[in-house]
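Visitor: Each of the two chains sits in its own frame; use the hints to bring them together as a complex.
Single-letter residue listing:
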Amino acid sequence: MSDDVLRIRTPIGIKYQYSAGPRVSSHLIGLMEGRFVGKRCPSCHLVYMPPRNGTCAKCGCLLGEDVEVGQRGTITTFCVVNVPFLGQTIKIPYVAATILLDGADMGMQHLIQEVEATEVRMGMRVEPVWRPREEWQPSMENVLYFRPTGEPDAPYESYAGQL
Amino acid sequence: MRDVAIIASAQAVNTATTTATPVEMLIPVVNQVLANAGMARSDIGFWCHGSCDYMTGQPFSFVSAVDALGAWPPIIESHVEADGAFALYEAWMKIQTGEVDTALVFGNGRSSSGDINRILTLQLDPYVVGPLWPDDRSIAAMQARACLEAGVITERAMAQIAARNHHNALTNPVALRRGEHSVEQLLAAPLVASPLRELDCPAHSDGVTAVIIAAGDRARSLRARPAWIRGIDHRIESQNLGNRSMTTLPSAVIAAQKAGVANDKIDVAELHAPYTHQELLLTAALGLGESTSINPSGGALCANPMMSAGLARFAEAAARIMDGSADRALGHASSGPWLQQNLVCVLEGE
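In order, the protein sequences belong to chains S and Z.
Positions 1 to 163 (full-length UniProt numbering) are the ones given, in order, by the first sequence.
Positions 1 to 350 (full-length UniProt numbering) are the ones given, in order, by the second sequence.
Hints listed in this document are in silico derivations from the structure and should not be mistaken for laboratory results.
Careful, some of the hints might be misleading.
What the hints assert, rightly or not - Residues on chain Z that point at chain S, a partial pick, calculated with CB under 8 Å:
hint, residue
1, V23
2, I27
3, G57
4, D67
5, G70
6, G114
As the list claims (entries may be wrong) - The following residues of chain Z were derived to be distant from chain S, with all beta-carbon distances above 12 Å:
hint, residue
7, N31
8, G45
9, P73
10, P126
11, N168
12, A224
13, G231
14, I254
15, E350
Keep in mind the model is a prediction, meaning the values are calculated, not measured.
Built from N, CA and C at the ideal position, the CB exists for glycine as well.
Chain Z with its partners taken away, still in its complex shape (with noise of 0.2 Å):
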């Protein structure tokens, strides 16, 4: 296996709204990670995205994307009809490959074009599901019941989520949503799908997220302090919801087993988790203990830019082993319904 760190990372600023297309959004971030690194286009090996055609209603949306990056002369470019940590996972293994040594991954999403919890219905099985149109956030609400009703989390331990991360958000300056709020005042909000209420919901926005990888020396040559990669793994459960456990997360389990978490303490852990009961869920399910800081970014709870959320996860997680304020750190990216898919990335500094 070849040495692979992420060196540098840039986010846009989230929104509720945009005018901007989404190709005007991404080039002032391509710009600016490609200037966090101190490198040029010409620099790059690889270019991966991750990007959702749902988001803007437009098949081949994604392939405009390709005029953020100046492909002249042509270049190596690849994409993933997923969340832009999906597309960090393949530039690590173009970069396995040994055919490329530098990584430019990018994921970016609109999630203003249309109404995001019924776009996100799409997802679900076609035939059984899909047709009775449950909008993302009752299917969340489904597994937070069901949870509640097993006794595995409670409604004090979900609202304390809430108030922790928008608390950290109001230190992250790319966060849509942050504020201080007591358990009390938020226990005291209306429920908007019971039993979540609204800052149990993920803040949908509209974003970009951009991260450049390097493998071996070259990543020594071009940050002090890189977060290196020592473990990466991906696990999806069942696209059948009755098949799914409702209060486990047995993907995750895997992942986390896989990319050694448990192989020393953890600092940091950035979650992607969009619902507050679902952070619960993964902090079990990863084996997170007391003695790690989870979403100092303040999480997707804060800011959920959809196809950009979980790399903006492996981002905040890799700044903090950068800035030398931890050790290892744990970013986590997921996908689907339940968290479906669950990818986990353990990052080191040297």
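The shape of chain S in the complex, shown without the other chains (with noise of 0.2 Å):
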């Protein structure tokens, strides 16, 4: 038993070129330029934003014309996280929430900050927080998190169709 082998360790590493696509790129690239660009599918004609993979999963076809949304949206959703994990970088409570951008149609997930985790509600009006335009990368995170504009909330019906 003692000179069984138990366990034996072999170490696997493989590098990967990963592409977004010509249909993703251009939406990174509007992050660069601190704007969000999504695209419309030439099928179904909802916007979608970010542009997923390329495509429209619904018709099975791929996504068209680039639309730029606007900056501020509505929360459809969200919940507050309570449980602290390995790694986590932002103090608990804090609040992920489902953002309708102005011109979109699919919702798409950010972080809510400068308000009360209590305070946050669907229907919510916000607006990004951008890096510092010298840290801005072809990614999402060029976005700090997403701060209430003190607007009115925006009525259930214009934000019911994503829930």
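Guide: The following block contains the structure:
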């Protein structure tokens, strides 16, 4: 028994080159310019922001024209994170929300800050807080978080179709 | 058994690299095969996909392929972590159940995402062989060396295979590699993994293949001359290389027998043999003779899109039936080191 090999270590290393693809690239370039660029489905005409993997899954087709959507948006739903975990960089409790940017037909996830977690609500209007321009990368991380604009809440009917 | 036939196919032009995402590569080919069949997405009863997450390095990357299908309203769909030809086998069985009459089968792979010769090492036994990191070419070269030493093949015969496939690929618009080479030129080329030379090895590529199969009268209504699947069989050999014959392919012999290859003359055979010596071994194992035209497409030597090259062989074999140039064709797909897995399909015109 004592001489049996019970476990071995066999490290595996493979390098991969990831490609965003031509359709997502225009979105990433937009982020380098401080803009939110989504894409319209040529079949169902919905505006995807971000443009997923360049396709409309509902129609099974490639997304078409670029559509720049608004900087401001509406919280359609959210959750309050109370659980600490390894590598957590944000002080709990904090809010992760689905935000429907003005002119987009799909919500996107982002962080909500500059407001107590207990104050966040569905329909709340929010705007992005961008990192300093010199730190911009082709990444949604250029936006540190979203914060309330102080506008009146969006009516429920305006985002009910997202729920 | 229900009669099932291949009625349409489409392939992407094979490329050495691509910047498109896998799903962006899929959509034009799915659209093309539907157009070739005169069908709409709503006419497809079952969708079956072959791909491998090791190709992209992303767990569950195959899920995004469903985005190419327009899965709304919901569809019946499945996936095999293998070449699309094995997805075709599943789809054929699905039609046998009587649940559906049509299936769209597709396979795709982006070999350029990583070092494909190294990625293929990960299919080896992970305890004893894998940790030594032999790459795909080295494993294949061991087999070729054993066959040469045993007198089963010759280097000249290997060069003849390379010459014929690259010549045949001149008329294949989707091939990655093609050209006229004399046997002497090929034998004078440097060795890349002795005894293999560059053109003994597959032209790994980024590619997509899609095929539509249909049952009975549905097939007849969609295609004047469907390529009927008269026999199909899949056999696998041991994963342990030490247990394997290096000079024969017992699994291919059994698959050919079960698929009924020898029942009549085979006009055309499309063999998924990534290396030249493997085409020689397969030709012998399948019992193919002088009267069979082998790999009119140029085969995997001239375009080996991982997870789609086997299905491409089925597509090419079926095309010869559908265009009337052959009455009986063989499609073959393989997987694993030393042709560990063999799927043999006999196709006939009516």
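Visitor: The structure should be examined with respect to each hint, and the outcome stated for every one.
Guide: Each hint tested on the structure:
Using the Cβ-Cβ criterion of 8 Å, the hint placing V23 (chain Z) at the interface with chain S is satisfied: the shortest such distance is roughly 5 Å. Proximity of I27 (chain Z) to chain S holds as hinted, the smallest CB-CB distance being about 5 Å (cut-off 8 Å). Proximity of G57 (chain Z) to chain S holds as hinted, the smallest CB-CB distance being about 4 Å (cut-off 8 Å). Checking D67 (chain Z) against chain S by beta carbon gives a least distance of about 4 Å; that is within 8 Å, so the hint holds.
Here the hint on G70 (chain Z) is kept, as its CB sits about 3 Å from the closest CB of chain S, short of 8 Å. Interface restraint check: G114 (chain Z) against chain S, minimum CB-CB distance 5 Å, threshold 8 Å, status holds. Non-interface call for N31 (chain Z) relative to chain S: violated, since the shortest CB-CB distance, roughly 8 Å, does not exceed 12 Å. No Cβ of chain S comes within 12 Å of the Cβ of G45 (chain Z); the nearest lies about 16 Å off, and the non-interface call holds.
The claim that P73 (chain Z) lies off the interface is violated: its Cβ sits roughly 10 Å from the closest Cβ of chain S, which falls inside the 12 Å cut-off. Remark: the non-interface label on P126 (chain Z) conflicts with the geometry, its nearest Cβ contact in chain S lying 6 Å away (cut-off 12 Å). Non-interface status of N168 (chain Z) relative to chain S is upheld: no Cβ of that chain comes within 12 Å, the nearest being about 31 Å off. Every Cβ of chain S is farther than 12 Å from the Cβ of A224 (chain Z); the closest lies at roughly 28 Å, confirming the non-interface assignment.
With 12 Å as the threshold on Cβ separation, the claim that G231 (chain Z) sits away from chain S holds: the shortest Cβ distance comes to roughly 33 Å. Every CB of chain S is more than 12 Å from the CB of I254 (chain Z) (nearest about 33 Å), matching its label as outside the interface. Listed as outside the interface, E350 (chain Z) is consistent with that label: its C-beta sits roughly 32 Å from the nearest C-beta of chain S, beyond the 12 Å cut-off.
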